[in-house]
Amino acid sequence: MSTTLVQIGGARPARVGPEARTPTALEKAFLALVGAGSVMFTLALFAPKVFGSASWAAPTMFGLIAVGSIGYLWSGYGHTTPGIKNHGIFHSSLANRGALAWLAGIAVTTFYVVLYWHGEALEGGYQLLDPFAQKLTGSPADHWFLYGFLYTLLVLIFGGRMFLKYRHNRYQLIRTASVMFFQLGLAFLLPGVLKKIWAQDFYFTYFWPLKPDYLLPFDYVIGEGGMIAKEWSGHAVGRFMVIWSAVMALGAVPVLTWFFGKRWYCSWVCGCGGLAETFGDPFRQLSDKSEKAWKFERWSIHGVLVFIVLFTVLLWVNDATGRKLLGSDGSELFWKTYGLFIVMAFSGVVGVGFYPLMGSRVWCRYGCPQAAILGIFQRFFSRFRITTNGGQCISCGNCSTYCEMGIDVRSYAQRGENIVRASCVGCGVCAAVCPRGVLKLENGTFGGRYDGDGKPWSAFKDALRGRPKA
Amino acid sequence: MHVAIVGNGIAGVTAARHLRKLDSSVRITLISGETDHHWSRPALMYVYMGHMRWEDVKPYEDHFWPRNRIDLVRRWVTSIDVEGRQLHLDGARTIPFDKLLLAVGSKPNKFGWPGQDLRGVSGMVSLQDLQAIEAASVGLKHAAIVGGGLIGVELAEMFHTRGIDVTFLVREHAYWNHVLPAEEGDIVGEVIRAEGIDLRLETELTEIVDDGTGQVGAIVDSKGDRVEVGFVGLTAGVRPNLTVCAGSPIATDRGILVDRTLVTNVEGIYAAGDCAQVKTPEGHRDLIQAVWYTGRMMGEVAARNLLGASDEYDSGTWFNSAKFFDLEYQVYGYVPSAMAHHQLPSLAWISPDRRHACRLVETEDGKLSGISVLGIRMRHRVCERWIEEGRDLAYVLAHLREAMFDPEFYRRWDRDIVAALSGKVAA
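These protein sequence lines are chains A and B, in that order. Those letters in the first sequence? Residues 568 to 1037, by the numbering used here. Those letters in the second sequence? Residues 3 to 429, by the numbering used here.
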């Protein structure tokens, strides 16, 4: 028998996303750019005098970071074929709660603590942005401007990563473009411009109860720290903003959720969602899928909602009764509690700081009152559902694993039942990672949303009981 | 009553769940030597590739079992005492039963190849196989895979994600062509090759060569080619696992013989899933279905019959799905393979980039026999309904949009399919 030795070319780079393996030489070069920019920024934070507010400094360091990151991601995903490539995620220290994840978690958490409680300590950072802030907002940069800038930068860079990672998936491409647009345009640039024109910023994409001051009695809304500057309160612009916030909070939320589910907001518009869907994507698999977590979630998120609703009502009553109930400034108590525990501790420190430990949607899942309201509408008055495709489920668990909201999608899919859950933000990743084409996000008819093998009534009872049946 | 179930795969677990659903008092013992808890066998590859952790491929949380009073026993069954109605387990333990369900799955085929029991040779079916593959991957440069089925392409993808070169031997002249039509088999072959896999068609393994230490060193194929490899994956199909029946009066052939109610020749003893060979009327081939979905369906029927019903197993309108690297595949109804003796008329559409395809197969009397798609998702319930209602292809094309299941904003492939095929169908 003649034998021939057949040689196959040397080992090719593993088809693994760049975050989950040793970088190649080109990737290292790009990472070096990110490193250089980061070192400059760190230096600026700790030694404010080095760069001062030199006009070249910020463009240089953030340019290095942006170009390096995008280059790194581009070269990293460049040699993968388009498709789901979650290879090596659970072998990665950063993505699977290893030492790197703890370091990252501590770093981001520390940043939030400093930002909220010692904002002035970031002066070296925000003074870099002074020239830019002056141009955009007409006022000097402060720590909030720095925060908004970094936040937007992360959404854009990691949005670029989403474009590369999900380049085969149009739903993800369009949705990512949407969150990038709303963050950059309506949550960063437009408020900045408004501040310059009206001396007051305004966020068109936030409503009560996520921004509770947008639906408080007028006395709290107008003036310093309120939604509308005093001089605009009687003006058409001021009236428009008041009407806009009320219409969005009370009208658009139920109507749009009826047609599209809560995703129209949570994974297409919202800034918290925007960060979670971009910067948070590498950590989405860390959400807790246990039944215990689901039980906790339902108490905590609705607890926050009840708190805000009660307080809003109380302030209106106080206002209507000539402020006899809570005294002249009843809102003070509210802001102290809400601001400290909910906004700072919950949505910031835990919500983003714990991305590498608890996944990207901690705030959205356990705390956001806007998500709670949208969820109630989605659960009971919406045409949105995730349809399960008959009997094709193989119970592999990719859907549940990559659900950032910790929904055990598989428990429905393997019974052939559609998924109608309050918490689903409609990111569409379960459908993307499913290897058997079992899941589809869609807005169908309201009556048919539970269609599947399961009976609607028993599915509903299960949902209330909070556990899968045998 | 005490029902013992051997095997915690999809058939055994579905039976256990349905037993509990139907009867709150029946005592259920679920025995497995492989793992403590049920897990999704098709998800094995994702654990290796790092998409999921072991705990993620378990479809039920661990508290599910005590809550539903399903007793779990982690032992291998060594023999069945049919007369004494008890199971002998390793560690000299016995478990008495009133009724028994055998859901012991299948084993990788081995065809007596020289060297098939060397270190570094493994199938990919069990958790133990996964552990062996994981251990063999350390420092591995090149692996061979033998047999062109679904597990073979999964194993190829697994090694590929770790930068390990793969030589893939397939006996047929196209990949999986005892299931896929010829053109689809070609497309899948192209996908495999585009990933850089060394796919070799129309060749068979003749020998696995010892490197001198009892470890795999190379393979030789029927064309005489030799490839130096450190691992050989045997994925030339599976056969029913009959080990547990040895020495018992339970009748076996290729599988454990059962009638359509899934009962064996011994009253009160049933078999379901991959291990069962379902007897069919004279003139038809017995059914051995080693597919996730049929295991689940058989488990459901077995549960009802264990409780006294005599329902017949019927897999209904056939369906299946798979994924070859990034290419998804679905089939509904009967689509003859390239190797089928009896071909049926069909209309096929393939996209210009050859990553999307749709085939509509017609029965002899002009009804829809089956639909298969590559790179497109279709609705199970709609396709099934069309087949069961006996729709013709003209109707199917006119309503194709209803069957589309691709994510929102995806290109509407149904338009391309209808445009290409509607001219070929008699109105």
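Some hints here could point you the wrong way.
Cross-link-like lysine to aspartate or glutamate pairs, in silico, EDC-like; alpha carbons within 20 Å at most [what the hints assert, rightly or not]:
id, chain 1, residue 1, chain 2, residue 2
1, B, K112, B, D212
2, A, K903, A, D855
3, A, K762, A, D780
4, B, K60, A, E858
5, B, K369, B, E386
6, B, K23, B, E85
7, A, K797, A, D855
8, B, K60, A, D855
9, B, K60, B, D38
10, A, K616, A, E687
11, A, K862, B, E174
12, B, K281, B, E230
13, B, K112, B, D64
14, A, K859, B, D288
15, A, K859, B, E57
16, B, K109, B, E36
17, B, K369, B, D328
18, A, K903, A, D780
19, A, K778, A, D768
20, A, K652, B, E269
21, A, K778, A, E899
22, B, K426, B, D328
23, A, K859, B, D394
24, B, K369, B, E391
25, A, K652, B, E197
26, A, K862, B, E366
27, A, K762, A, E858
What follows is a list of derived Cβ distance ranges for each label pair [as the list claims (entries may be wrong)]:
id, chain 1, residue 1, chain 2, residue 2, range
28, A, I673, B, H401, 53 to 61 Å
29, B, D316, A, L740, 57 to 65 Å
30, B, K23, A, F948, 51 to 59 Å
31, A, V876, B, D316, 52 to 60 Å
Treat the hints as calculated values from the structure; they're not laboratory data. Virtual Cβ for every residue (Gly too), placed ideally from N, Cα, C.
Results of checking the hints against the structure:
1. A C-alpha spacing of about 17 Å is found between B/K112 and B/D212, which places the hinted pair at or below 20 Å, so the restraint holds.
2. This hinted pair does not check out: A/K903 and A/D855 have alpha carbons roughly 30 Å apart, beyond 20 Å.
3. For a cut-off of 20 Å, the pair hint linking A/K762 to A/D780 stands: about 18 Å separates their Cα positions.
4. As the CA atoms of B/K60 and A/E858 are separated by approximately 14 Å, the hinted pair is consistent with the 20 Å bound.
5. A hinted pair counts as satisfied when its Cα atoms are at most 20 Å apart, and B/K369 with B/E386 qualifies at roughly 13 Å.
6. Restraint check for B/K23 and B/E85: the C-alpha separation of about 29 Å exceeds 20 Å, so the hint is violated.
7. For the hint pairing A/K797 with A/D855, the CA-to-CA distance comes to about 46 Å; that exceeds 20 Å, so the pair is violated.
8. About 14 Å separates the Cα atoms of B/K60 and A/D855, which keeps this hinted pair within 20 Å; it holds.
9. A hinted pair counts as satisfied when its Cα atoms are at most 20 Å apart, and B/K60 with B/D38 qualifies at roughly 10 Å.
10. Between A/K616 and A/E687 the alpha-carbon distance is near 15 Å, which keeps this suggested pair within the 20 Å criterion.
11. Straight-line distance between C-alpha atoms of A/K862 and B/E174 comes to about 53 Å, which puts the hinted pair past the 20 Å bound.
12. At roughly 44 Å between alpha-carbon atoms, B/K281 and B/E230 are farther apart than 20 Å, so this suggested pair is violated.
13. A hinted pair counts as satisfied when its Cα atoms are at most 20 Å apart, and B/K112 with B/D64 does not qualify at roughly 35 Å.
14. For the proposed pair A/K859 and B/D288, the alpha carbon gap of about 46 Å is over 20 Å, so the pair is violated.
15. Annotation: proposed proximity of A/K859 to B/E57 holds, straight-line Cα distance about 16 Å (limit 20 Å).
16. In summary, the hint linking B/K109 to B/E36 is supported, as the alpha carbons are separated by about 13 Å, within the 20 Å threshold.
17. Taking the CA atoms of B/K369 and B/D328, the gap is about 32 Å. The hint is violated against a cut of 20 Å.
18. Taking the CA atoms of A/K903 and A/D780, the gap is near 13 Å; set against the 20 Å cutoff, the hint holds.
19. Distance hint between A/K778 and A/D768 is fulfilled; the C-alpha atoms sit about 13 Å from each other, no more than 20 Å.
20. Restraint check for A/K652 and B/E269: not satisfied, since their Cα atoms lie roughly 50 Å apart, outside the 20 Å limit.
21. With a C-alpha separation of about 15 Å, the suggested pair A/K778 and A/E899 falls inside the 20 Å cut-off, and the hint holds.
22. Between B/K426 and B/D328, the direct Cα distance comes to roughly 30 Å. Violation of the 20 Å bound is thereby established for this hinted pair.
23. Simply put, A/K859 and B/D394 have alpha-carbon atoms about 50 Å apart, too far for the 20 Å limit, and the pair is violated.
24. Distance hint between B/K369 and B/E391 is fulfilled; the C-alpha atoms sit about 9 Å from each other, no more than 20 Å.
25. A hinted pair counts as satisfied when its Cα atoms are at most 20 Å apart, and A/K652 with B/E197 qualifies at roughly 13 Å.
26. Between A/K862 and B/E366, the direct Cα distance comes to roughly 56 Å. Violation of the 20 Å bound is thereby established for this hinted pair.
27. Proximity of A/K762 to A/E858 is assessed by CA-CA distance (about 45 Å); at most 20 Å being required, the pair is judged violated.
28. At roughly 57 Å, the beta-carbon separation of A/I673 and B/H401 lies within the given 53 to 61 Å, and the hint holds.
29. Between B/D316 and A/L740 the C-beta distance comes to about 43 Å, which lies outside the given range of 57 to 65 Å.
30. For the pair B/K23 and A/F948, the supplied restraint of 51 to 59 Å is violated, since their beta-carbon distance comes to about 31 Å.
31. For the pair A/V876 and B/D316, the supplied restraint of 52 to 60 Å holds, since their beta-carbon distance comes to about 54 Å.
In this structure, the hints that do not hold are numbers 2, 6, 7, 11, 12, 13, 14, 17, 20, 22, 23, 26, 27, 29, 30, in rising order.
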